[in-house]
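Chemist: One-letter residues, chain by chain:
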Amino acid sequence: MLEDPSYSEIVRWGDEGDSFVVLECEKFTKAILPKHFKHSNFASFVRQLNKYDFHKVRQNNEENGQSPYGPNAWEFKHPEFRANSKESLDNIRRKAPAPRKQAQHADNSVPTQQIDLLNQQILAQQQQIQHISDRYAQLTVDHQLMLQEVMRVQKTVLNHEQVIHQVMNYLLSADARQRRDSKASATFQTPGQASSAIGPSQATSMDDEPSSPLQHASKLLSDMNAEIQFNLTGMDSMGEPAKAVPPVVSTPTLDPNARAGPVRPPTSTGGNPPLVYPKMNGEIDPVVYPVGATNGIDPMYSEHVNNVPYPMPAKPEIEDARRQFPDNRKKSTNVDPGWIRSPQILLVEDDATCRQIGGKFLYSFSCVIDTAFDGLEAVNKIQDGSKYDLILMDIIMPNLDGVSACHLIRQFDRTPIIAMTSNIRSDDIQLYFHHGMDDVLPKPFTRKSLLDMLEKHLVHLKTIPQGMEAQPAAVTMAAQTSAPHSVKEDSSPAPSPAGSMNNWQSPGQFNGLTPGVHPNLQQVQGQYVTTTPAYTVDQNGVQYPAHPVPIAAAARPPNRRQLSEMSSAADNPNLAKRPRIYAQQPQMVNPVQATRTG
Amino acid sequence: MAPTKAEDPTKDAPPALSDMGESIDKSTFEQILEMDDDEDRDFSKGIVYGFFDQAESTFDKMGKALNEKKLSELSSLGHFLKGSSATLGLNKVKEACEKIQHYGAGKDETGTVAEPDESASLKNIEVTLKEAKEDYSEVETFLRKFYGETS
Numbered sequence: 001m002l003e004d005p006s007y008s009e010i011v012r013w014g015d016e017g018d019s020f021v022v023l024e025c026e027k028f029t030k031a032i033l034p035k036h037f038k039h040s041n042f043a044s045f046v047r048q049l050n051k052y053d054f055h056k057v058r059q060n061n062e063e064n065g066q067s068p069y070g071p072n073a074w075e076f077k078h079p080e081f082r083a084n085s086k087e088s089l090d091n092i093r094r095k096a097p098a099p100r101k102q103a104q105h106a107d108n109s110v111p112t113q114q115i116d117l118l119n120q121q122i123l124a125q126q127q128q129i130q131h132i133s134d135r136y137a138q139l140t141v142d143h144q145l146m147l148q149e150v151m152r153v154q155k156t157v158l159n160h161e162q163v164i165h166q167v168m169n170y171l172l173s174a175d176a177r178q179r180r181d182s183k184a185s186a187t188f189q190t191p192g193q194a195s196s197a198i199g200p201s202q203a204t205s206m207d208d209e210p211s212s213p214l215q216h217a218s219k220l221l222s223d224m225n226a227e228i229q230f231n232l233t234g235m236d237s238m239g240e241p242a243k244a245v246p247p248v249v250s251t252p253t254l255d256p257n258a259r260a261g262p263v264r265p266p267t268s269t270g271g272n273p274p275l276v277y278p279k280m281n282g283e284i285d286p287v288v289y290p291v292g293a294t295n296g297i298d299p300m301y302s303e304h305v306n307n308v309p310y311p312m313p314a315k316p317e318i319e320d321a322r323r324q325f326p327d328n329r330k331k332s333t334n335v336d337p338g339w340i341r342s343p344q345i346l347l348v349e350d351d352a353t354c355r356q357i358g359g360k361f362l363y364s365f366s367c368v369i370d371t372a373f374d375g376l377e378a379v380n381k382i383q384d385g386s387k388y389d390l391i392l393m394d395i396i397m398p399n400l401d402g403v404s405a406c407h408l409i410r411q412f413d414r415t416p417i418i419a420m421t422s423n424i425r426s427d428d429i430q431l432y433f434h435h436g437m438d439d440v441l442p443k444p445f446t447r448k449s450l451l452d453m454l455e456k457h458l459v460h461l462k463t464i465p466q467g468m469e470a471q472p473a474a475v476t477m478a479a480q481t482s483a484p485h486s487v488k489e490d491s492s493p494a495p496s497p498a499g500s501m502n503n504w505q506s507p508g509q510f511n512g513l514t515p516g517v518h519p520n521l522q523q524v525q526g527q528y529v530t531t532t533p534a535y536t537v538d539q540n541g542v543q544y545p546a547h548p549v550p551i552a553a554a555a556r557p558p559n560r561r562q563l564s565e566m567s568s569a570a571d572n573p574n575l576a577k578r579p580r581i582y583a584q585q586p587q588m589v590n591p592v593q594a595t596r597t598g
Numbered sequence: 599m600a601p602t603k604a605e606d607p608t609k610d611a612p613p614a615l616s617d618m619g620e621s622i623d624k625s626t627f628e629q630i631l632e633m634d635d636d637e638d639r640d641f642s643k644g645i646v647y648g649f650f651d652q653a654e655s656t657f658d659k660m661g662k663a664l665n666e667k668k669l670s671e672l673s674s675l676g677h678f679l680k681g682s683s684a685t686l687g688l689n690k691v692k693e694a695c696e697k698i699q700h701y702g703a704g705k706d707e708t709g710t711v712a713e714p715d716e717s718a719s720l721k722n723i724e725v726t727l728k729e730a731k732e733d734y735s736e737v738e739t740f741l742r743k744f745y746g747e748t749s
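Sequences listed follow chains A and B, in order. Number 404 in the numbering used here belongs to position 404 of the first sequence; there are no gaps in the numbering. Number 698 in the numbering used here belongs to position 100 of the second sequence; there are no gaps in the numbering.
None of these hints come from the bench; they were simulated from the model. Ideal Cβ positions, reconstructed from N, Cα and C, are used throughout, including at glycine. Be aware that one or more of the hints could be misleading.
Stated by the list, open to error - Pairwise CB distance ranges (calculated): (1) A:N399 <-> B:K662: 19 to 25 Å; (2) B:E716 <-> A:N169: 48 to 54 Å; (3) A:I122 <-> B:T708: 53 to 59 Å; (4) A:D384 <-> B:K662: 32 to 38 Å.
Stated by the list, open to error - Just so you have them, the derived chain A footprint on chain B, three or more residues with Cβ under 8 Å: (5) 645-653; (6) 720-727.
From just these sequences and the hints, can you work out the full model?
Modeler: Now the structure itself:
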């Protein structure tokens with residue numbers, strides 16, 4: 001338009017080519033504007049120009065007087081508006097108004113975006129809240145369940161507690177009674193070969209140590225009680241209902257006469273004595289009962305028989321007749337718990353003394369022992385493919401501690417691992433179990449606790465001894481004994497069901513424990529038998545123990561009675577020689593068995 | 599306790615175990631004696647004498663650690679000797695070692711209360727170590743006699 005020469009009189013490029021000049025305002029308005037801008041308003045045109053950042057070049061009338069283009073000329077300038085440079089035209093934009101408008105748009109849109117954003121956030125938060133509240137509800141339910149569970153467990157524990165107490169009470173009473181009885185019986189038993197010898201020592205020991213194992217057990221119990229109480233305080237509120245439960249269990253077990261069938265039910269919470277009891281009772285003349293119980297419980301009885309080294313007339317045949325245990329038990333110390341094959345045991349222990357002693361004990365149990373100095377060595381051994389039936393693992397060891405070692409081993413191996421440690425606080429124990437340990441053998445361990453542990457975890461390696469004809473009874477027996485154990489297990493390594501079963505079947509092991517006692521198994525065996533007649537004397541008052549063999553070999557009740565003898569025999573060493581260590585366990589088992597036997 | 603030693607006359611000839619009632623847990627020690635063969639006491643003697651060596655070297659280490667104020671090392675040494683002495687039934691030594699273990703771990707002697715003051719712990723250990731050595735030399739003398747040494 002500006003280049004069109006026909007307009008040159010009206011509008012043209014400025015002289016310097018950086019502006020354009022409207023020379024004839026009126027003509028421009030009338031002739032050109034309508035053509036190019038569809039209107040005929042010069043003011044409007046100027047306004048538009050201003051909008052595109054064109055500026056009117058001021059005429060400084062005072063200085064120059066005249067504009068070079070004439071008084072009516074309008075000169076407009078734009079930095080980018082030049083003659084012959086069309087490309088720069090793109091840079092000419094509507095200015096202020098346009099940006100302002102856009103800004104307004106932006107102003108409007110930003111809030112909506114923000115609102116959207118906020119809405120989204122709110123939604124998200126709502127979802128989160130929803131989620132949380134769901135979770136909360138879920139947790140509440142879980143918590144409820146847990147509470148119920150805890151209460152249930154508490155009830156069970158308390159019941160067990162109660163049962164143990166009753167058993168204890170009963171045992172105490174039975175013990176007292178038995179001491180009375182045996183005093184009496186010992187005096188008139190003199191004719192009997194075995195009992196005659198027993199009499200004196202028995203009497204003394206009775207006075208010397210009134211059932212120290214029992215006392216020990218009760219002490220143990222009360223200790224445990226304290227602990228449990230302590231635990232309960234944490235959940236007092238929940239504890240309340242649980243505490244209300246005990247009354248369910250009555251205490252008549254104390255009554256010696258009542259302890260037959262009817263009284264058992266309370267105890268049955270813990271085990272199933274009733275099952276066995278009537279059975280026993282049926283087989284044994286009721287009159288015999290008290291005496292039998294006495295005999296069963298009296299630990300001094302066979303103890304002293306054991307320790308009196310004189311020949312037992314009846315022993316060899318009986319041994320042969322009743323049990324053909326391998327003869328490798330030349331010594332009382334070499335107990336063969338009756339493995340199918342020798343268990344392979346890995347003993348992980350950094351302390352040479354413990355290792356030697358533990359190894360020796362294991363050896364005496366006919367185990368094959370491998371040792372490792374620390375956790376690292378143990379892990380290596382197992383990684384190298386060594387197979388063991390059981391791993392005994394110290395906890396605190398150099399290089400790699402037992403818990404870590406166990407954790408590692410558990411990644412690829414399921415061999416039972418037993419923690420051997422003096423750190424047996426409950427949180428410690430929890431830690432051990434958490435890392436895959438199967439049991440805890442408190443240190444310092446004893447032969448007994450070690451053997452119990454072996455028998456518990458190596459049941460599958462045990463042979464079933466002959467003389468097992470009475471298996472059902474044995475099994476129930478085991479069940480019975482196991483009940484109290486399960487409660488006790490934490491505080492003392494009580495014999496496992498298997499262990500006690502075994503102890504019933506092959507008393508030899510327990511006798512084997514008799515420290516330094518020379519009588520070999522056979523003797524022990526004989527002693528059992530001889531005490532059996534002794535007991536017969538008791539019950540009948542006059543009868544003499546002339547024929548132990550038939551009784552032992554044929555009759556079942558005596559057989560059972562022997563069982564109690566056996567167990568009590570196991571007790572004996574404790575009484576006399578190791579009141580501290582052994583007392584706890586046989587205590588728990590034997591009296592229970594004895595009780596039932598009676 | 600009851601006259602149960604009849605079967606083992608050799609035990610009564612040397613100083614009786616029961617005389618050491620406080621220092622030595624009879625039943626624990628006896629079960630080790632049980633493991634001896636019929637005639638001699640080689641096994642238990644070996645263990646006991648092994649323990650002597652172990653205890654003495656541990657006491658030495660403890661002394662060193664005490665000088666260097668290495669509490670944690672003292673604790674683990676205490677634990678170590680505690681284990682072996684407990685296995686033998688040497689109660690007094692065991693208890694002293696247990697204390698050292700606790701002191702070394704920055705606790706009081708029962709291991710229940712924290713003892714933040716290291717120098718107090720070290721001091722306690724020093725005292726206890728002395729006791730432990732005394733207890734130890736008592737049982738050592740006894741056991742050496744027991745195994746027929748004329749000291």
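Chemist: Quick check: does the Cβ-Cβ distance between N399 (chain A) and K662 (chain B) fall within 19 to 25 Å?
Modeler: 21 Å, holds
Chemist: Cut-off 8 Å, C-beta pairs, minimum 3 residues; does the coverage of the region 645-653 of chain B by chain A stand?
Modeler: holds (count 4)
Chemist: 48 to 54 Å was suggested as the range; check whether the CB atoms of E716 (chain B) and N169 (chain A) agree with it.
Modeler: 51 Å, holds
Chemist: Using the C-beta atoms of D384 (chain A) and K662 (chain B), is the stated range 32 to 38 Å upheld?
Modeler: 36 Å, holds
Chemist: Take a look at whether the Cβ-Cβ distance between I122 (chain A) and T708 (chain B) falls inside 53 to 59 Å.
Modeler: 58 Å, holds
Chemist: Test coverage of the region 720-727 of chain B by chain A using CB-CB distances below 8 Å; three residues minimum.
Modeler: It is violated, with 0 qualifying residues against the three required.
Taken one by one, the earlier hints fail for this structure only at number 6.
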